[in-house]
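Chain by chain, the residues:
Number of protein chains: 2
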Amino acid sequence: MDYRTNTCGELTEKHLNKKVKLSGWINSVRDHGKIRFIDLRDRYGLTQLVINKESIQENLNDEDIISIEGEVSSRPKGTVNDKIPTGKIEVKVKKLEILQKCSFLPFEVNKDKEVSEDLKLKYRYLDLRKTSSMKPIIDRHEIFAIIRNYMNENGFIDIETPILTKSTPEGARDYLVPSRVNKGKFYALPQSPQIFKQLLMISGFDKYYQIARCFRDEDLRADRQPEFTQLDIEMSFINEEDIQELIEGLMKDLFEKKLNIKLKTPFPRIIYNEAMKKYKSDKPDLRTEKEKFAFCWVVDFPLFEWNQDENRYDPMHHPFTSPKPEDLKNLDKNPGNVMARAYDLVLNGTEIGGGSIRIHEQKTQNRIFELLKIEKKEADKRFGFLLEALKYAPPHGGIALGLDRIAAIMTNNESIRDVIAFPKNKAAKDLLTDAPSDVEEKQLKELGIDLRKAK
Amino acid sequence: MDYRTNTCGELTEKHLNKKVKLSGWINSVRDHGKIRFIDLRDRYGLTQLVINKESIQENLNDEDIISIEGEVSSRPKGTVNDKIPTGKIEVKVKKLEILQKCSFLPFEVNKDKEVSEDLKLKYRYLDLRKTSSMKPIIDRHEIFAIIRNYMNENGFIDIETPILTKSTPEGARDYLVPSRVNKGKFYALPQSPQIFKQLLMISGFDKYYQIARCFRDEDLRADRQPEFTQLDIEMSFINEEDIQELIEGLMKDLFEKKLNIKLKTPFPRIIYNEAMKKYKSDKPDLRTEKEKFAFCWVVDFPLFEWNQDENRYDPMHHPFTSPKPEDLKNLDKNPGNVMARAYDLVLNGTEIGGGSIRIHEQKTQNRIFELLKIEKKEADKRFGFLLEALKYAPPHGGIALGLDRIAAIMTNNESIRDVIAFPKNKAAKDLLTDAPSDVEEKQLKELGIDLRKAK
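Protein chains in written order, with this note's numbering: chain A, 1 to 455; chain B, 1 to 455.
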């Protein structure tokens with residue numbers, strides 16, 4: 001069968017007297033004696049249906065999925081709804097077919113009643129029917145499309161990097177994947193494409209980007225997810241200002257196209273030490289009363305922070321961040337004073353991105369690993385291939401932006417869960433599919449692993 | 001420092017007498033007594049540099065990375081190269097800085113010498129410098145951009161689905177990820193977003209797409225990869241023809257924009273039985289002498305194929321494929337004769353995509369699981385949430401296209417490895433990063449797993 005000639009957001013007075021077919025969800029039924037009014041819903045909008053009970057007698061309820069044939073007519077005076085594009089018309093139904101009868105609902109859909117977080121996540125496919133749940137996902141799609149177009153127009157090449165890969169040193173735990181073919185060995189899911197994007201610069205791709213899935217096995221804090229999405233960027237033969245200008249242009253384009261807001265660039269640059277002194281924060285919220293969005297760059301970070309527990313320096317960003325050239329001489333005698341060529345992008349008091357000019361000299365990279373007390377043997381084992389590759393590296397740098405966070409802020413949502421179609425809960429569980437779950441002994445055997453007995 | 005005013009593919013006679021800065025790789029050095037000619041290379045092209053040995057004496061070799069300042073001038077008559085856009089000019093170098101000295105190369109870069117596959121993969125970042133290696137990756141990017149624009153313009157919403165998820169029944173082994181937070185339990189990496197895209201239809205997204213990473217733990221055949229990329233599509237309230245028209249429009253757009261080839265649509269439809277009879281193949285190669293690309297749809301597949309070993313039916317596509325309505329009555333007495341609402345897209349004798357109208361009735365889905373001898377308990381455990389969700393499902397269907405394969409065919413490459421930036425070898429190893437690799441006892445302990453002792 002043909003299900004529809006039009007969507008539920010499309011019909012207006014232009015279509016008067018036309019015969020149409022519509023399919024969608026019953027958003028509400030209002031019974032007026034011999035006549036029933038139905039709001040039929042799909043992604044595109046609502047259309048009012050008028051049903052004569054004498055000719056069409058089916059029992060109809062909220063969330064039933066139906067397909068109808070009918071004729072577009074004007075709404076009687078006084079019943080026009082100016083709030084929706086289809087508010088001046090209604091469809092007089094001649095024929096109706098129920099495509100799916102909705103027998104039971106765990107909660108009311110598209111009404112404004114409070115539903116528990118767990119129930120919403122278990123029935124996420126019903127929760128997403130709610131306009132306020134669906135819209136942020138569509139907004140996210142639009143945000144991504146604007147970003148991709150900007151990057152493409154600026155000569156960046158979108159390149160996919162591996163997800164089954166090797167541990168990268170980003171400071172969190174890796175998710176591991178046991179290899180069946182190479183028993184006893186494991187892939188790691190990437191915490192970021194950091195190393196691969198540096199390798200792409202060594203290849204000469206010059207300008208790389210990717211909207212990349214990243215993974216961190218953290219004890220989940222308030223608003224983190226085990227998998228998240230970042231806009232990953234790397235460029236060759238550039239300085240800090242080149243990255244910053246690119247990102248300012250991107251944000252300007254994005255906020256204008258999506259929110260019709262003109263951002264002022266350049267964004268303020270705040271020196272890390274000043275930020276800490278003046279705002280007691282390295283992600284200051286610079287909003288003033290009239291401004292909804294306040295960006296700034298925080299720059300001139302120290303390269304290291306002292307780790308009291310481990311009696312060693314830790315990288316403030318990551319171990320591939322370049323020291324400022326004028327501070328290279330301090331690397332030996334006063335590492336704590338060495339400044340980094342790093343920059344964070346802050347929006348409304350939230351860090352939404354960070355990047356740096358990278359080390360492109362093998363010697364300096366080795367020295368940094370020494371200072372971080374990563375032993376030569378360990379460094380060679382974990383990053384040997386990168387150290388080797390750096391012998392062939394051009395000057396390069398980049399940035400990564402947290403797209404879940406950016407989408408949440410732009411759509412005025414508190415949590416990144418609201419802009420993720422199928423988020424996990426705070427215990428890293430997917431309540432909808434019940435992942436993670438038990439697997440069969442046969443599978444474990446094939447992978448050459450065993451569960452440890454609890455003690 | 002500022003590294004460049006122009007790229008190496010940009011300068012022409014329009015720039016004569018301009019002072020410029022360029023940065024890039026030395027592609028070749030030709031020594032002519034007092035003068036050295038260098039071809040400087042970047043992603044954008046080659047520019048000829050002229051160096052007076054009296055003023056610039058540095059030792060210069062292939063693949064050194066340099067930055068130069070100089071003046072654009074005409075090449076002397078007889079030395080013009082019409083094959084490249086920069087072939088009429090050269091840059092007279094005034095200043096030169098070596099940014100990275102290339103001391104040793106495991107193989108010659110950008111020359112046409114044969115290099116072993118293993119060595120190429122280990123030094124993939126150098127292999128990618130070769131124009132013939134880099135170009136397919138850039139072509140892939142362009143192909144993806146055209147596809148995304150087409151999908152966006154046609155009202156499809158790009159939605160990310162989880163990578164840490166639950167086992168899906170696609171017929172291959174899942175990669176498993178042990179959960180640290182939920183010890184003894186495992187995520188599975190998706191073999192496809194199949195279930196999630198059906199859930200999105202149940203939510204009412206109407207038109208979904210994603211360029212999705214998928215994972216299959218197979219014993220690798222000739223040209224498979226553990227992770228691969230597919231264009232994943234799903235639509236509601238549609239029939240087979242709607243999907244087929246959409247994809248024909250996409251292919252037409254893609255081949256015209258990328259290859260300047262006008263495809264004829266609609267593509268021929270070949271009935272599965274006819275294809276097997278006439279071509280002895282369900283992916284016939286319909287190329288005739290003058291045609292470089294021949295598409296066809298193979299349709300009217302049986303729903304099941306008999307599995308002799310297991311004494312049961314297996315799904316010909318996957319267990320969510322809808323039977324033809326007129327065959328529903330045969331489901332009990334003659335399942336082998338039931339036809340499926342499935343369709344494969346074939347290009348030059350290769351299956352590049354497959355899809356179907358899905359089952360959207362819980363009852364039919366339960367019946368199919370019975371016929372596949374998936375026990376009720378097992379079905380509930382593995383797909384209970386989907387069976388539950390189907391109670392709320394509109395009619396829907398979709399398709400998935402193998403983008404690695406499509407990119408390989410369009411770029412005239414034999415192997416999908418040539419269109420993947422960092423492919424794995426036939427043993428599922430990444431020779432560059434040495435993944436998969438050993439992990440520490442501490443990590444295994446945290447994950448609650450042990451390696452099995454080899455017997």
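Where hints are given, some of them may not hold.
Just so you know, same-sequence chains aren't split out, so a pair can sit in one copy or run between any two.
Lysine to any residue pairs mimicking SDA-like chemistry, simulated, CA-CA at most 25 angstroms apart [to be verified]: (1) K83 x K135; (2) K381 x E117; (3) K207 x T7; (4) K290 x V439; (5) K122 x K445; (6) K19 x R221; (7) K391 x E69; (8) K120 x K185.
No lab work stands behind these hints, which were simulated from the structure alone.
Evaluated hints:
In this assembly of identical chains, the alpha carbons of K83 and K135 lie at most 25 angstroms apart only when taken from the same copy (17 angstroms versus 52 angstroms across copies). For the identical chains of this complex, K381 and E117 are inter-copy neighbours only, at 23 angstroms across copies versus 44 angstroms inside a copy, given an alpha-carbon limit of 25 angstroms. Taking the shortest alpha-carbon separations for K207 and T7, only the inter-copy value of 12 angstroms comes in at or below 25 angstroms, while the best intra-copy value is 41 angstroms. Proximity of K290 and V439 under a CA criterion of 25 angstroms is satisfied in neither setting, with 55 angstroms inside one chain copy and 53 angstroms between copies.
In this assembly of identical chains, K122 and K445 lie within 25 angstroms of each other by CA distance neither inside one copy nor across copies; the values are 31 angstroms within and 31 angstroms between. Taking the shortest Cα distances, K19 and R221 never come within 25 angstroms of each other, neither inside one copy (55 angstroms) nor across copies (54 angstroms). In this assembly of identical chains, K391 and E69 lie within 25 angstroms of each other by CA distance solely across copies; the values are 24 angstroms between and 70 angstroms within a copy. With identical chains, the CA atoms of K120 and K185 are at most 25 angstroms apart between copies only, with a shortest distance of 23 angstroms across copies and 38 angstroms within one.
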